[in-house]
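Listed here are the chains, written in short residue letters.
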Amino acid sequence: GENVEQHPSTLSVQEGDSAVIKCTYSDSASNYFPWYKQELGKGPQLIIDIRSNVGEKKDQRIAVTLNKTAKHFSLHITETQPEDSAVYFCAASPVGAAGNKLTFGGGTRVLVKP
Amino acid sequence: SQTIHQWPATLVQPVGSPLSLECTVEGTSNPNLYWYRQAAGRGLQLLFYSVGIGQISSEVPQNLSASRPQDRQFILSSKKLLLSDSGFYLCAWSKGTSNQPQHFGDGTRLSIL
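Same order as they appear, the protein sequences are chains A and B.
Numbers 303 to 416, taken from the numbering used here, label the letters of the first sequence in order.
Numbers 365 to 477, taken from the numbering used here, label the letters of the second sequence in order.
Calculated directly from the structure, the hints in this document are not laboratory data.
As the structure is a prediction and not an experimental result, all values here were calculated from the model.
Among the hints, erroneous ones may be present.
[Unchecked claim] Listed next, the in silico EDC-like pairs over lysine to aspartate or glutamate satisfying Cα-Cα at most 20 angstroms (straight line):
#: 1; chain 1: A; residue 1: LYS344; chain 2: B; residue 2: GLU386
#: 2; chain 1: A; residue 1: LYS339; chain 2: B; residue 2: ASP470
#: 3; chain 1: A; residue 1: LYS339; chain 2: A; residue 2: ASP351
#: 4; chain 1: B; residue 1: LYS459; chain 2: A; residue 2: ASP351
#: 5; chain 1: A; residue 1: LYS324; chain 2: A; residue 2: GLU307
[Claimed, not checked] Anything over 12 angstroms on all C-beta distances counts as not near chain B; from chain A, calculated:
#: 6; residue: SER376
#: 7; residue: GLU381
#: 8; residue: ASP386
Quick reminder that beta carbons are idealized off the backbone N, C-alpha and C, glycines included.
Hey, can you work out the whole structure from these sequences and the hints?
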């Protein structure tokens, strides 16, 4: 089955700097890659996703890049703000996965210092 | 727009007591539904998923069960809770077509005493 590794497990950045989180996946059939942000005591919220027919997607200060050959994808947050502090999860889903199951990475705790 | 509701938000139960957590989705039909458990500071473990009424797939052997009595209702149950059942339980839904995002509720924090 699919296996997703996420790094780093914790990330501390100064406000205004950029943050980068990297994920690798094992199943070359995976073609859908969402990213979630989880604030304390709440459920994960989808922040951006990418499908395998594109290499990069941007939404304001957030961007995701995908390298299918190397089987890795990354989340980039620019001009970080204190409200970006949260736990971020990457996930992958193979084509035709039963029930649209997602395989999640272990999460990255991001702390933005003012 | 679609919304997902989970209740209760917090629950404290004694060991050996029964459990029933409920999740409902509004604004969509025939969704896929999921139950996850998240231990403190850890990742998301998929417990059950359902692609239709009465159709339940279990991902890990455990003390819990799930049921889907209606299209947009998903219930997580236990006859006798164990200490190890403590955790943060999350319900999610997705559209039934392939490669769709899952959308999560705000979870139930379950503490077993």
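Against the structure, the hints come out as follows:
1. With a CA separation close to 17 angstroms, the supplied pair LYS344 of chain A and GLU386 of chain B stays within the 20 angstroms bound.
2. With a CA separation close to 12 angstroms, the supplied pair LYS339 of chain A and ASP470 of chain B stays within the 20 angstroms bound.
3. With a C-alpha separation of about 12 angstroms, the suggested pair LYS339 of chain A and ASP351 of chain A falls inside the 20 angstroms cut-off, and the hint holds.
4. Between the alpha carbons of LYS459 of chain B and ASP351 of chain A the distance comes to roughly 15 angstroms, so the proposed pair stays at or under 20 angstroms and holds.
5. Between LYS324 of chain A and GLU307 of chain A, the direct Cα distance comes to roughly 8 angstroms. Compliance with the 20 angstroms bound is thereby established for this hinted pair.
6. In this structure SER376 of chain A is separated from chain B by more than 12 angstroms, as the shortest Cβ-Cβ distance comes to about 18 angstroms.
7. With a least beta-carbon separation of about 25 angstroms from chain B, GLU381 of chain A lies farther than 12 angstroms from that chain, consistent with its non-interface assignment.
8. Distance check on ASP386 of chain A: its Cβ is at least 19 angstroms (rounded) from any Cβ of chain B, clearing the 12 angstroms threshold; non-interface status holds.
Hint check: no violations occur; every hint is consistent with the structure.
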